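Chain by chain, the residues:
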Amino acid sequence: MAVTAERVTLRTPGETGLWSWITTVDHKRIGLLYGVTAFFFFFVGGLEALLVRVQLAQPNGEVLSAAAYNQLFTMHGLTMVFLVIMPIAAAFTNYFLPILIGARDVAFPRLNAFSYWLFLFSGIMIYTSFFVGGAPDGAWVGYSPLATQLPEVVRMDYWAIGLNLLGVASIASSANFIATIFTMRAPGMTMLRMPVFVWMALVVAFLLIFSLPPVAIGLFQLFFDRNFGALFYEGAAGGDPLLWQHLFWLFGHPEVYVLILPAMGIVSEILPVFSRKPLFGYEFVVFSGAAIGFVGFGVWSHHMFTSGMGPVAEAGFGIATMIIAVPTGVKIFNWIGTTWGGRLRFSTPMLFSLGFIAMFVIGGLSGVTHAIVPADTQQHDSYYVVAHFHYVLFGGAVFGYVAGVYYWFPKWTGRMLHEGWGKVHFWLMLIGFNLTFAPMHILGLNGMPRRTYRYGEGLGWDLWNLVATVGAFVIGIAFLLFLWNIIWARKHGEIAGNDPWDGRTLEWTIPSPPPVHNFDEVPVVHSLDDFWHKKYAEDEEGRLVEMATVSGGTLVDTGGEGEGEVHEEHHDIHMPSPSYYPALSSLGIVITGYGLVYLSWGWAAVAVGAMVTLWGLFGWSLEPITREEHA
Amino acid sequence: MTDETSSAGSPGPAETHEEGWIDPTERNWFRFSIVLLVAFAVAVGVAGFALGFQVPGDEARVDPRTVADEAPWSDRIDNPVREVAPGEYVVYMIARQFRYEPNTITVPEGSTITFYVTSIDVQHGLKIQDTNINLQIVPGQVSKLTTTLDKAGTYPFICHEFCGLGHAGMFGTLTVEAGEG
Chain Y
1 MAVTAERVTL RTPGETGLWS WITTVDHKRI GLLYGVTAFF FFFVGGLEAL
51 LVRVQLAQPN GEVLSAAAYN QLFTMHGLTM VFLVIMPIAA AFTNYFLPIL
101 IGARDVAFPR LNAFSYWLFL FSGIMIYTSF FVGGAPDGAW VGYSPLATQL
151 PEVVRMDYWA IGLNLLGVAS IASSANFIAT IFTMRAPGMT MLRMPVFVWM
201 ALVVAFLLIF SLPPVAIGLF QLFFDRNFGA LFYEGAAGGD PLLWQHLFWL
251 FGHPEVYVLI LPAMGIVSEI LPVFSRKPLF GYEFVVFSGA AIGFVGFGVW
301 SHHMFTSGMG PVAEAGFGIA TMIIAVPTGV KIFNWIGTTW GGRLRFSTPM
351 LFSLGFIAMF VIGGLSGVTH AIVPADTQQH DSYYVVAHFH YVLFGGAVFG
401 YVAGVYYWFP KWTGRMLHEG WGKVHFWLML IGFNLTFAPM HILGLNGMPR
451 RTYRYGEGLG WDLWNLVATV GAFVIGIAFL LFLWNIIWAR KHGEIAGNDP
501 WDGRTLEWTI PSPPPVHNFD EVPVVHSLDD FWHKKYAEDE EGRLVEMATV
551 SGGTLVDTGG EGEGEVHEEH HDIHMPSPSY YPALSSLGIV ITGYGLVYLS
601 WGWAAVAVGA MVTLWGLFGW SLEPITREEH A
Chain H
1 MTDETSSAGS PGPAETHEEG WIDPTERNWF RFSIVLLVAF AVAVGVAGFA
51 LGFQVPGDEA RVDPRTVADE APWSDRIDNP VREVAPGEYV VYMIARQFRY
101 EPNTITVPEG STITFYVTSI DVQHGLKIQD TNINLQIVPG QVSKLTTTLD
151 KAGTYPFICH EFCGLGHAGM FGTLTVEAGE G
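Heads up: the protein sequence lines correspond to chains Y and H, in order.
Under the numbering used here, the first sequence is numbered contiguously, ending at residue 631.
Under the numbering used here, the second sequence is numbered contiguously, ending at residue 181.
A few of these clues could be false.
Stated by the list, open to error - Under the rule of at most 25 angstroms between Cα atoms (straight-line distance), these lysine to any residue pairs were calculated in the SDA-like manner:
#1 H/144 / Y/220
#2 H/151 / H/63
#3 H/144 / Y/188
#4 H/144 / Y/358
#5 H/144 / Y/369
#6 H/151 / Y/234
#7 H/144 / Y/479
#8 H/151 / Y/374
Claimed, not checked - Just some of the chain Y residues that point at chain H, by a computed CB distance under 10 angstroms:
#9 63
#10 65
#11 139
#12 146
#13 147
#14 172
#15 185
#16 239
#17 294
#18 307
#19 308
#20 310
What the hints assert, rightly or not - Computed list of chain H residues with no C-beta within reach of chain Y, every gap over 12 angstroms:
#21 18
#22 26
#23 65
#24 71
#25 76
#26 82
#27 83
#28 86
#29 109
#30 122
#31 137
#32 152
#33 169
#34 175
It is worth saying that the hints were derived from the structure and are not from the lab.
As the structure is a prediction and not an experimental result, all values here were calculated from the model.
Even glycine gets a Cβ: it sits at the ideal position worked out from N, Cα and C.
Here chain Y stands alone, though its shape is the one from the complex (with noise of 0.2 angstroms):
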């Protein structure tokens, strides 16, 4: 620690002030920003799902009209996805990739920076659409032509435009990460020894390349039926309605692997911390990462079971679903593995985690019923698929992801979450998510449909939606004492130091919070778990001796046996100069989207933000690669 952050940066962008924020292009701000952004769309799409809750507590529910329910349940959907699970994946990856292969930042800062901001700016976009008429009310699947009718009504014009624009914002982060892990690894960080999280970033960034135009194609032709009297996917004019659902799910079931691979990537950081032994079956678990972003492509029918594909389209699909299940089970064999006979410390982490395999197993299981095609025409539009999905995507990734929270929070801030409060919290989420979920099974077996906003009495449904809602503000607490936590833990949390887990990766060898450039010297990787093997050797019996050679868990290095040791010089660490255009940029581009919204007067709007685009962009493209004076 001889050098100092001031005296290694050039340009330490500004510190405070909400300027500091718009500008910056460091990836950990921008991060934080996602994380924080995410928090909040969290806090209002599970607001959003308790009054869901509360008008179905009861046959013929009188909380909510249908128009307010519809609304509610497609917002619901669309905010879960798109504003919180993929953001705080965003957030986990911008913060934590460059640091995991001993990177200084992201391979193009500021289109980083463009990323987020087209991001928060779509995601309000759509929420100013409940205080202009109302808001989406098509599902989140926006099924045509349900969707393309009442043109009248813009609200699926926010549907459309506001989720293309969110694509754009995840493409371009994609190619970022992408382009970051090829080219910025440190040296010696070769692909097989980068952290199984950052192989999960990487799997998740060409899923969503790949995946993100045909669903960018299809909403662009779903606005063009809306708007144009186009008619792709209308069937009285020889248009086919399920091209529409093709290309949804073409997108929508590797989407489902966009939310789910980077908890698995958190949730194998986690477990062998926590079981002081390595991940078990590391290429095991990488290529079975990728395996499932290969096929994750060839399964998408399997949500159209019941349209008249025919048994042969049925059968391939129904197989390829089986198949992918094959490689998702690796994984929980591989986590299993990495806990067995460890020595276990069940911190909060450690907790989410275990939750994490338990509830994504149960919800991994009646996802292969679904691959069944005789077992999932029954269960087709049920409340049973409600359960299954918010198995995976609550009792998984929602798992995942606060165990990466209470994990790295220490990282980002420098000091630790409660534990006590943290553990709470564990098994309040855990009891209120069976509580809401597990009986959503049996109210699809029993045959309540979805996206009804209420059901009649004498169905056999009454009791399990009670407790359904119970359950769900079982949640709602768990959360409120998770944001508490997060509150308190800011100001008055334990300080945490470098390496309060005792951790095995990059991340946990520099200061907690990490300073800007995030590396005084780049390191030099000699193997897996790196920072582990630098702390600890094993004697002729495998026992963990610890090595003298790690003082206040700064990494020293050895010079060990690696190839290529490069020692660099002290010089001036050049960190990328802060900019506004990437915010301008995007700003433009969302205020074109409002204009194509409302088209019938819009054109002015979209003349408008088009320029501000341009002017953002060629600011961008023209401005010095450095800021003139030197902080």
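Given chain Y, put chain H in place with the hints provided.
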């Protein structure tokens, strides 16, 4: 005994194995997974060929603007159930926002009933409780499914594809009468 057990492929100074070595436990799990997969595939085969499982079929293309006025759908209200052979019935059904036509169907116990269903506006669903009937009703496409009803009773059917404001109120009843035939 050991805290830091070796795993397949993990680097470091752990015990070494030759290339391609797989832990016996892991290998057994692979075998178990393969057995499971084969079992599932066999189950699908049995369902398809031995039990006569049928998937919803894309039977024909129609024009959703005119199909309601064309035979055989045009007299769906007056003549909801047609007997085409002893004990074999055919129902031509139209789904629209937010009702089924016909929405009450009565057949005797033990009859085989085939549905030809299409929509004239948006997508709907037809799920008849306690039967194998569950299909998406797509405008412009005729979906066909057949079921045999051996037990007398009332089978409610509901729309389960979200179809708009009145979605929750879209249902009908299939009644199977006992003692005939």
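**Report entry** Violations among the numbered hints
**Finding:** 1, 2, 3, 4, 6, 7, 9, 14, 15, 17, 22, 23, 30, 31, 33
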